[in-house]
Each structure stands twice: as structure tokens, then as C-alpha cells.
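Chains as they are written, first to last, in my numbering: chain X, 402 to 602; chain H, 402 to 602.
Errors might be hidden in some of the hints.
Same chains, same names: a pair is fine if it fits in one copy or spans any two.
Okay, derived cross-link-like pairs now, EDC-like style, lysine to aspartate or glutamate, Cα gap no bigger than 20 Å in a straight line [as the list claims (entries may be wrong)]: (1) K453 <-> E443; (2) K425 <-> E497; (3) K436 <-> D414; (4) K560 <-> D523; (5) K436 <-> D517; (6) K527 <-> E489.
Everything labelled a hint here was simulated from the structure, so no lab data went into it.
Next come the chains, spelled out residue by residue.
Protein chains: 2
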Amino acid sequence: MELGSEALGRLIDEFSRLPGIGRKTARRLAFHVLKADLPIVEGFARALVDVKRLVTFCESCHNITQVSPCSLCEDPRRQDVLVCVVEEPSDVLAIEGTGEYRGRYHVLHGVLSPLDGVGPDDLKIKELLARLHESRPTEVILALNPDTEGDATSFYLQKLLAPLGCVVSRIARGIPVGGDLEFADSVTLGRAIQGRERLGE
Amino acid sequence: MELGSEALGRLIDEFSRLPGIGRKTARRLAFHVLKADLPIVEGFARALVDVKRLVTFCESCHNITQVSPCSLCEDPRRQDVLVCVVEEPSDVLAIEGTGEYRGRYHVLHGVLSPLDGVGPDDLKIKELLARLHESRPTEVILALNPDTEGDATSFYLQKLLAPLGCVVSRIARGIPVGGDLEFADSVTLGRAIQGRERLGE
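This is chain X alone, in the form it adopts within the complex (with noise of 0.2 Å):
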């Protein structure tokens, strides 16, 4: 028995398979549970199984929620003609983290990509179409990750909703803020100078 405890090893092997958590902090993580409150441990373990138990899809942006439609959804102060269309949950997050959009969003759960077997029907691109018919947006920005498979999805998505007739717009690549121009890639850059914008407008 390597720890003297099935249960030690146990929570060691769970705190493992978390994405980027290796077998040494996993042993650090379970000897600081080990070392914490009965209250907190327990609350830790509730807020693990509410996820699961309390977080649906709304059902229209598709977006994360506990109440389907979604409070994003729902907001009478956020404009119906701008939809914003994204990966995944957590993009969401960080996009309303900047303050600088009030419009709609829409889910799509992933992009294509035809290698790992993904492909428009495994996305909530149906869906994305149905919405924008009816509630006919002035504009769709494009907010998917500046890499091949985002690319292609961002390609495939402005084919298909040219028929609608509204603008479809993707957000801007460039250095970022903050970044130092001797280190930025030279890809990163050359899209820079590609997407200069006029000062003075």
C-alpha cells in the first residue's frame, strides 16, 4: 500500500486527471484537502456534483446556465442586432470580462474539424442559422480562435450566412496590448500590418 491510505491515493488519482494537473501536484493538492475543514472539503465536493446536477444549455445561445433561456439571452438592455458567435462557454466569460460588447452571443461547442471527426451537424451551427432567420441581426462577429480549425469554421460560417444579407464581421488579429513588438511571431505581425488602422478617423 504506497500511502498507508486507499482513500489518499484515490483523491491523488483524481486530482491527477484534471487537465494539466501532473501525479506531483495532484499529491500536494490531496495532502492540503487532507489538511482542511470537514465544512470546506464537503463544500468543495457539492460544488463539484452542482455543476453536473444544476448547469444546463440555454436553449438559445446555447450558452451555460442554470435557467434556459439565459440571463445573456433575457437582458432587454442588450442589442438584438449583434450576435457574437463563439466556441465554447468560457469565451463568453471572456469576452463580457472586457465590457466592451452588449450584444447577443451564440455557442457553437466546438469547430470544424474534419480530422477528429467533427463536422456543421456536430456544431450548433442549425441552430445558429434558425436564430439569425428570425431575429435577423444587422451584424455577426465572428469570435472564434485565430488557428487553422477556427479559421476554416470562420470561412465556412461567412459562406453560409451571406444569404441573410447582414454584416459578418470576425474580431481583429494583431499584437497584442501590452506586447512587445521584437517578440511577436512573425504571423502575429504580419496580420498586424495587414489590419493597420487609419489614425484620425
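For chain X, the structure is supplied; the task is to place chain H on it using the hints.
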């Protein structure tokens, strides 16, 4: 409602309370849990609570265990004449991992630290003395961390154990195996020179 879900926010809070887990990692872990299957998440939650409910301390060596005395104290194949004194249960695990030691252990649950108000009575030192008086080992190995508190505690124990008449040793300090002399700090390098071993013995 930042997240569209109070339960997810609560889980992110719980994860970010763990040592070394920042807000971003906590968010990533919470989304991982959200996507995992319910039985897996329930298993994780159970493992957390089980560690608090099932794990106790060995009445002899004070290591963590589910039955007292623990399997390390009960194992008839281990040598009673050697006792290795460590700070924490995780240190037992680390030493067992080497496969180099087949004696008994004693876990102090900390080191002397007057600034933090940790005195001899806060550690399992009384219990160590009582145990050594009874079992009369030939050697006590002090395997405390090589820092100020660990060194002070080793010094204190060395004086305390002198009347027992057994050998009191301390694990070697030196250059880590696979390390590089150039990058070793001068204190470690100095200790490595002081503690040099004669070859061919």
C-alpha cells in the same frame, strides 16, 4: 450574473482556493468538470470527502493511515532498529518512493518554528521519545528539510536523543543527482565539498 451560472462560479471559487491554482486555471478545471461525465465527477467528490472521513493517523508513527497502527509499522519485513524522522506524511511517501529504506518512520507533523509559535509540544516529539525508549533502535535518521527550521529541529533532536545512546544521523546534503555544478548554489556546493565521500571504500 458573471457566468450565467452560480454553480459554476462557486466551483471556480473552490478550485482557486487550492494552493498554486490561479483564477484562470480554476476556470479551466471547472469547465473540464462541466464536460466530464456525472459518475466521474461524483467519484471525485466522493474521494474528497472520503479522505477527510477515512484517513486518520497511526498511533505509533503518526503517519496517515486508514487503520492504526499503519501498514508500515505492522510490516514484519521492515527493520525495527532503524527509525527515520520526517516532517510530514508526504515525506514518508517521497522516501518510500526511493526504495532505499526498509526501516520504520516517525512523522513530527512540522518543525520547530518559534516565530510561528511552533514549539516542541506542538510536534510529535514526546511521542518519538516514548517510542524510542521502548523500541531501542540502533539508529535514528533525521530526514528533515534542509532549511533553517529543519536544521534547528535536527539540532534540537540530536541533543534530546543523545542520552539514548543510539546513532543519530542526518540525510546527506549535496549536489542533486543529474544536477549541474555550475548552477548549484554556493551553500549546497559547500556542503557537498564538506560531505565528500572517499571513493573505493
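Structure-based check of all given hints:
no., hint, result
1, K453 <-> E443, "both (16 Å within a copy, 9 Å between copies)"
2, K425 <-> E497, "between (34 Å within a copy, 15 Å between copies)"
3, K436 <-> D414, "both (18 Å within a copy, 18 Å between copies)"
4, K560 <-> D523, "within (18 Å within a copy, 71 Å between copies)"
5, K436 <-> D517, "between (42 Å within a copy, 18 Å between copies)"
6, K527 <-> E489, "within (16 Å within a copy, 57 Å between copies)"
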